[in-house]
Amino acid sequence: MAGLRRKWRPSLAFVLGGGLAGTLVLSLLGLIALRYLGPEVGFRNAAGLLAVLIGCATGLLGYLMVRLLLRPISALAAYSGFIEQGQRADPPDHYGTQELSRLAGSVLGMAETLQRREASIRVFADHVTHELKTPVTAIRAAGELLAETETLSDQDRALLHQILGASDQMQIQLGALNSVAKARVPEHHGTVALNDIANEISVSFPELNLSIEGGDQTLPLAASGLRIVLKQLLDNARRHGAGRVYLSAEPGRLNVQDDGPGISGGNRDQIFDPFFTTTREQGGTGMGLTIAANLLAAHGGRILLAPSDMGARFEISFPNG
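Numbering-wise (my numbering), the sequence shown opens with residue 3 and increments by one.
Simulated from the structure, these hints should not be mistaken for lab results.
Do not take every clue at face value.
[Said to hold, decoys possible] Quick list of the computed label-pair ranges, beta carbon to beta carbon: (1) M67 x L134: 53 to 61 Å; (2) G83 x P208: 35 to 43 Å; (3) L26 x E252: 46 to 54 Å; (4) A143 x D92: 43 to 51 Å; (5) G302 x R46: 53 to 61 Å; (6) L30 x G254: 50 to 58 Å; (7) V68 x V27: 16 to 24 Å; (8) R255 x I56: 50 to 58 Å; (9) R304 x L33: 52 to 60 Å; (10) E252 x V27: 49 to 57 Å; (11) G254 x G57: 41 to 49 Å; (12) E209 x L134: 31 to 39 Å; (13) S204 x T115: 41 to 49 Å; (14) G254 x L26: 44 to 52 Å.
Please read all numbers here as calculations on a predicted model, not as lab measurements.
Here a beta-carbon is modelled for each residue, glycine too, at the ideal position from N, C-alpha and C.
Working from the sequences, and respecting the hints, build out all of it.
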């Protein structure tokens, strides 16, 4: 980053002003030269010579514009695209003007900050799950050993059952935490249509009757990513008693509607919050919608809970949609 400041670069105003001034000067010099050269070598010969000279000078100005403006902007845009897709890339080695150099410094700094932030989230999630997995496993093992004891009273067995259930819930929550961290990593770039994964989704949720509209519509997310999002939404619908789910795809948008009881007004603002769930007794972790929202956000998309007269309706929008 320090190298961006040490090397001298012209300002954008100097480049644009120089280009405009050069164009004006070339035009005036052409008129003057034609006025004095015409009588000497003939106006046709003079015009041809001036056309060649002006063409060369214009080509030189065009080369400077490409080198100082177009090439740095294109390189910076390409680098940003690689970073957006989670790929490693070398930063541009040419930044043109002073303004572009400052812009490049800001973009590179932002990219480094985002990469460090995502890495810290993954490291934190991995550390927490690793540190807690051992004591949770030990609690589970100790509980199973105690369960084999024949002298336990009914009250003790009820307490032991609660301990084993709590250890199972902790294991589920640790797995959900790790899934959330993974969902923030942008690695599901590509395209997919609903028809491409319809059979797999149907097999995973035999209790649900799926109705698909716009199954051939291409959506800007890889099959692996859309599969995760839909499985979280369909699992959420199943846990809340839905029997039918309607999937409707259109350019840049996917709607998911179920026929369940819907979401109460008091819960609508909390459904995307981590660990919020109304189905804890059925094994709900409260992370399904968080995982779906994080995965979509990592790829420029978003998910909203839309008003609906029947069940719950989620609207998923993709970038450029």
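The hints, checked one at a time:
| no. | hint | in the structure |
| --- | --- | --- |
| 1 | M67 x L134: 53 to 61 Å | holds (59 Å) |
| 2 | G83 x P208: 35 to 43 Å | holds (41 Å) |
| 3 | L26 x E252: 46 to 54 Å | holds (51 Å) |
| 4 | A143 x D92: 43 to 51 Å | holds (50 Å) |
| 5 | G302 x R46: 53 to 61 Å | holds (59 Å) |
| 6 | L30 x G254: 50 to 58 Å | holds (51 Å) |
| 7 | V68 x V27: 16 to 24 Å | holds (20 Å) |
| 8 | R255 x I56: 50 to 58 Å | holds (52 Å) |
| 9 | R304 x L33: 52 to 60 Å | holds (58 Å) |
| 10 | E252 x V27: 49 to 57 Å | holds (55 Å) |
| 11 | G254 x G57: 41 to 49 Å | holds (45 Å) |
| 12 | E209 x L134: 31 to 39 Å | holds (32 Å) |
| 13 | S204 x T115: 41 to 49 Å | holds (42 Å) |
| 14 | G254 x L26: 44 to 52 Å | holds (46 Å) |
Violated hints for the displayed structure: none, as all numbered hints are satisfied.
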